[in-house]
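Protein chains in written order, with my numbering: chain G, 1 to 85; chain F, 86 to 543.
Be aware that one or more of the hints could be misleading.
As the list claims (entries may be wrong) - Some, not all, of what chain F presents toward chain G, calculated at C-beta under 7 Å:
(1) Gln125
(2) Arg132
(3) Gly135
(4) Pro212
(5) Gln318
Unchecked claim - Listing some non-contacts, in silico: residues in chain F with all C-beta distances to chain G over 12 Å:
(6) Ala121
(7) Ala220
(8) Ala441
(9) Ala451
(10) Ala508
No lab work stands behind these hints, which were simulated from the structure alone. The beta-carbon is built from N, C-alpha and C at its ideal position, and this holds for glycine as well.
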Amino acid sequence: MTVLVNGVEIGAWNGETVASVLLRAPGAGRGSTVSRTPRLPYCQMGVCFECLVTVDGNASMQGCLVPVAPGMRIESQHGPREISK
Amino acid sequence: MKYDVVVIGAGPAGMSAAIRLRKNGSSVVVIDEQPAPGGQIWRGVERNSGPMAEALGTDYREGAALVQAFRACGADYMPETQVWQIEEGWHLFLTSGGKARRIGARVVLLANGAQERPVPFPGWTLPGVMTVGAAQILLKSGGMLPQGDVWIAGAGPLPLLYATQLLGLEGRIAGFLDTSRKPGLAALTKLTGAWRDILGLLKGARWLRDLRKSGKMVRGFHDLRAGGDGRLQYLEWLSAGERRKVKADILLVHEGVVPRIHETMALGCAHEWNELQNYFTPQLDGWGETSKAGLFVAGDAGGIGGWLAATLSGEIAGLGITKHLDASFDAEGERHKAGLDKRLASARALRPFLDALYPPPMASIADEVIVCRCEEVTAAQIRSVAKVSAPDPNAVKAATRCGMGPCQGRQCGYTVQALVAEAHGIPPRDVSFFNIRPPLKPVTLGEIAALGDLEDVS
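Here chain G stands alone, though its shape is the one from the complex:
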C-alpha cells in the first residue's frame, strides 16, 4: 500500500504504524513546540508523544498507535497544535 506523507507518496506495509513510516519518510520529522527543532518518534509505545502527527485531518494523533491504511494522509506538525485543527 501507499500513504501520503506531507503530500508525497511513500510505500507502507500492513501491520506497521504511522510512527514507523515517519522514520523513513524524508523530512517527516515534527518541529518541537518551543524551539521548533526537529524530532522523530522515540519510544514507539505510546509514552513519549514525539510522534504527534496529523492523520487524515485529525491533529495530534499518536502516530505509534495508528496502524497505516491505504491512501492515509499524514502531515507533520511544526510547533504547537493549531486551534483550527
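Since the structure of chain G is provided, determine the placement of chain F on it from the hints.
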C-alpha cells in the same frame, strides 16, 4: 454498557486474567491501545512467522498460544482504544476511532505494563536517537531493521536480547556501549535465588557471548553525547581520560523498564518506592488489589517481573477479582490447586539478581540537557527552581511547565524527582511524583461534547 470487569491492557497479564475471569463466568471487556493482542512483548505474534519468529526467540513464540486462547475466551475486546479517565465506581472514558464513550464496571484491572526508563543525556532528543524497545517494536511489527551505523547504549537484558535478534536477522551493529557497572556484592548475594532459573541465566550469558563475538563492545566509559546537525551524526564519550568520537546514524538506548503508574497515581492509590530500581509501584495485596477497593493491578504495572510472572499475576488477580465479585468463591483453593505461588516464585527467581546487577544510572545530569522533551526544560532550569522551592516536583512543574506537555511527565517524571532530591540533599524516595490529572491521553473537545449521546451506564 456495564461489565463485571474491565481489563486495561491485552498483554500477558491482561490476557491471562481475562481467560481466568471468563472461566469463572464474569462478563469481561479488554481494552488495549494496540491493534492486536499480545502487549509489547508479543507484539505482532499472530502475524510473524518463519525466519522472523525464529529470530525473535522462544519466549516470543510462547505468546501465540496465549493470544489464541484469549481470542477464544469470550471476552469483549476493544483494540486501538485509549483510556483517558477512570472514575471510582467504576466508570471509564475511552476514545476509539475518534469517538469517545463511557463504560461501567464493577471491577477494574490495570494490566498496562511498563515503559522504558527515560534517561536524559546530551543529544537524546535528536532524530536518530530512540530506545531499544522502540527498535524492537519496529522489528516485531514490520520487520524493520535499523540502517547505517547502528549503536546501542545501555544495560539490562533487553539490549542483549534485541542485539541477538538483530544479528540473527543479518542486521548489523557498529558497536555496543555497555553502561552496566561491575556486578557488586549486592548482585552476587542475590545469585542464590537466581540459580533456580538456570536457563534464564544461561540465556543472558549466551546473548552476551554472541554480542562480544559479533560487534564492538565498549565498556568503562562515561559522558556519552549524541550530536549532529538536525539529526544524529556522531557519538562522543570519555574513555580512560580520552575523548572518543564515532560516526553514528542510529543510537538505541535502554536503561531498564519502570511500571506505568499514571492511572494509579491519578486515582490517588497508595504507592511504594522500589529502592533497588528507583520506581514507584502501587501498593497491592496478595491478589493484586490496590488501596482502592475494586481496583486491581497485574503484571509489570505492579512491579517489573517479566512476561511469565505477568501471566501468573494475571491469573491470581483473576481469582481475587472473582472472589471480590462473589464472596463464596474459593479463590485460595483454586490458587493452591493451580500451584500459582510456586510458579510465580520460580518466574521471579532471577529478578532480584537482575535488579541488583543493573541498578538505575546514578550519573548526574549535565545542566544543558533537556529533561522535559515536550516543553524543552533543561536540568539547569529545574535545578534553579528546585533549590528555592519546597522539595516537590509540582513546584518545578508550576514554575517551568516541565511535565505539562502531552506526555504528562511520562518522560521527565523520575528525572525531575531525582533533580529535586539532589537539590535538597535528600533521597529520591522522600520526594513525591507529579500530580497526575485527567485526561490521561489527549482527547478533543469534540469527543467530550459527543459523550452524552453514547453514554449508557445503567
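Evaluated hints:
no., hint, verdict
1, Gln125, "6 Å, holds"
2, Arg132, "6 Å, holds"
3, Gly135, "14 Å, violated"
4, Pro212, "4 Å, holds"
5, Gln318, "13 Å, violated"
6, Ala121, "9 Å, violated"
7, Ala220, "8 Å, violated"
8, Ala441, "26 Å, holds"
9, Ala451, "18 Å, holds"
10, Ala508, "23 Å, holds"
Violated hints for the displayed structure, listed by number in ascending order: 3, 5, 6 and 7.
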